[in-house]
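So you can see what is in the structure, the chains are spelled out below.
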Amino acid sequence: MPAMRDFFQRRGKFRPEEADDDRADHHIPEDLWIKCPKCGELIYSRELAREGRVCPKCAYHFRLRARQRIAQLVDPGSFVEWHAGVRPQDPLAFADASGTYDRKLEQTQSKSGEQEALIVGRGAIDDIPVSLAVSDFEFLGASMGSVFGEKLVRAIELAAEHAEPLITVSSSGGARMHEGLFSLMQMAKTVAALARLGRAGVPHIAILTDPCYGGVTASYATVADVIIAEPGALIGFAGPRVVEQITRQKLPDGFQTAEFLLEHGMIDMIVPRPELRETIGTLLHHYARPGDRDRAAERAPLAVSHE
Amino acid sequence: MSNQTPRSAPALSAWDRVKLARHAERPHTLDYLRELARDWVELHGDRAFGDDRALIGGLATLGGETVMVLGHQKGTDTKENLARNFGMARPEGYRKAERLMRHAEKFGFPVVALIDTPGAEPGIGSEERGQATAIAESLLTMADLGTPTVAVVIGEGGSGGALAIGVADRILMLENAIYAVASPEACAAILWKDAGRAPEAAETMRITAADLAGFGIVDEVIPEPAPAHERPEEAIRAAGEAIGRHLADLRREFPAGNPEAMERLRAARYERFRRIGAWREASPAANGLESDPLLPR
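Chains as they are written, first to last, in our numbering: chain A, 56 to 362; chain B, 2 to 298.
Errors might be hidden in some of the hints.
Quick list of the computed label-pair ranges, beta carbon to beta carbon [said to hold, decoys possible]: (1) E272(B) with E330(A): 39 to 45 Å; (2) P286(A) with F50(B): 26 to 32 Å; (3) P224(B) with K93(A): 55 to 61 Å; (4) F310(A) with G147(B): 54 to 60 Å.
Keep in mind the hints are simulated off the structure, nothing from the lab. Remember, predicted model here, so these are calculated numbers, not experimental data. For every residue, glycine included, the Cβ atom is placed at its ideal position computed from N, Cα and C.
Please put together the full structure from these sequences, using the hints given.
And the structure:
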């Protein structure tokens, strides 16, 4: 993994025709050239990675996998994953037209390389230790099931225990239907944990990324102390197609975009990805009280309770 | 699909219960209040935008004490359903509910929430006014409320719009009520690509009172010897008895006006929701706690 600051150093514009890879002359292999869905620009994949997966021409924000996001946010080398051993089950013995949930999980795990849709752990941002929870949209649309809820609650409890700020980064299609009401109840479970975090006076900063809907938007992600969205991200309760079908009305321009939410007072700010880490760092310094770091150092050897 | 209402016979399918739970003549919140409560005073408005008639609230005497009653309200005919928005609350409904929960906490009134909604309204205005945020804030307030709470799913428990008033110390369900993460039609449309397969989805989703009691999510199933729309008074009285009993239990365990008891109540409620979920745990080594560089060895 390259040093993360490399992501944010703007290099000279990479011109596709200057590629020294001779295959570029004949065709565009998927792994090398990526077309920006917004402006149509062809972007060299390494260039896109260097830019933090933001289109260098129009600033379109490509989606990030959870681990890419973590790498962009935390101080290099500071992240340690927690509770990766919490694995999904199939409490309903659920099966739909495409087969059983168990089978679906196996396929998704092998395709995505992740065990579940949420990664939690501890890292540092601008030298301030934080508890981090990041969803991965490639894992069943980052739908919130039991494991998502359980890992998030553990991250929240650790944040409360260490008095270290909680950062959540969310994109999600909503609740995981395959786990039925267990999924719905994760909304209550995660928010209940946040109520306690709030009582402990520990801040929660939520970053909403494209797309963020349903049970995630209607629970932990929108009761944060500071809500930040990425430019152009679609965020809402009901999906736009559902709203259109039910209301039989044309949706207003920009409906459910981050900009729409800012205008309607639902989020604190929109921060472009290259500035996100710095903005969070600045915020964290506001919440850090004098002596916090010394206390954190004293507290650290007490280690973390095992579940 | 037949529109006939099934009798409460030995083996009702999940889909039969969906139809019963949605039956137009099934008793709704105001029917419960008329039968069970004295001195009902409805309180209106969210103090910010409007009053939502799909989610009502107010004070009533129930089992000898004043309680805050919240409930989704469906209509019985088209005209009333339009006025009540078919029991689909908008953000102002959830903000009113939140306001009334705080009110209840302030004066030490227990909260009784009657759940009966297809879901929160998915409209343009609702999105503009922050439907998701309104639900999330209602969840947050209810999760941490310093007064006892009992929720009863009396008909349809439709997703987040239902849960918004359902983060309670006790969750009860009428025998023919349903409680689901999404409507069977929506689930079938997404996972089967065919909304017509809703009956199948309903079965697989395990949305009946018996299923959810089996999962430990629901504390008690209130029997309906006959479907509630056929003998409404019987169902309402059975629900009233159960509500009264659970409130009395909670009052005994967590006496009013006792701050220490309210802290225990909050802790007990947290534990109740904290344990809900189905997961397995690989070895603690996979949890990576030992290798944390921020924790000195």
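Hint numbers contradicted by this structure
4
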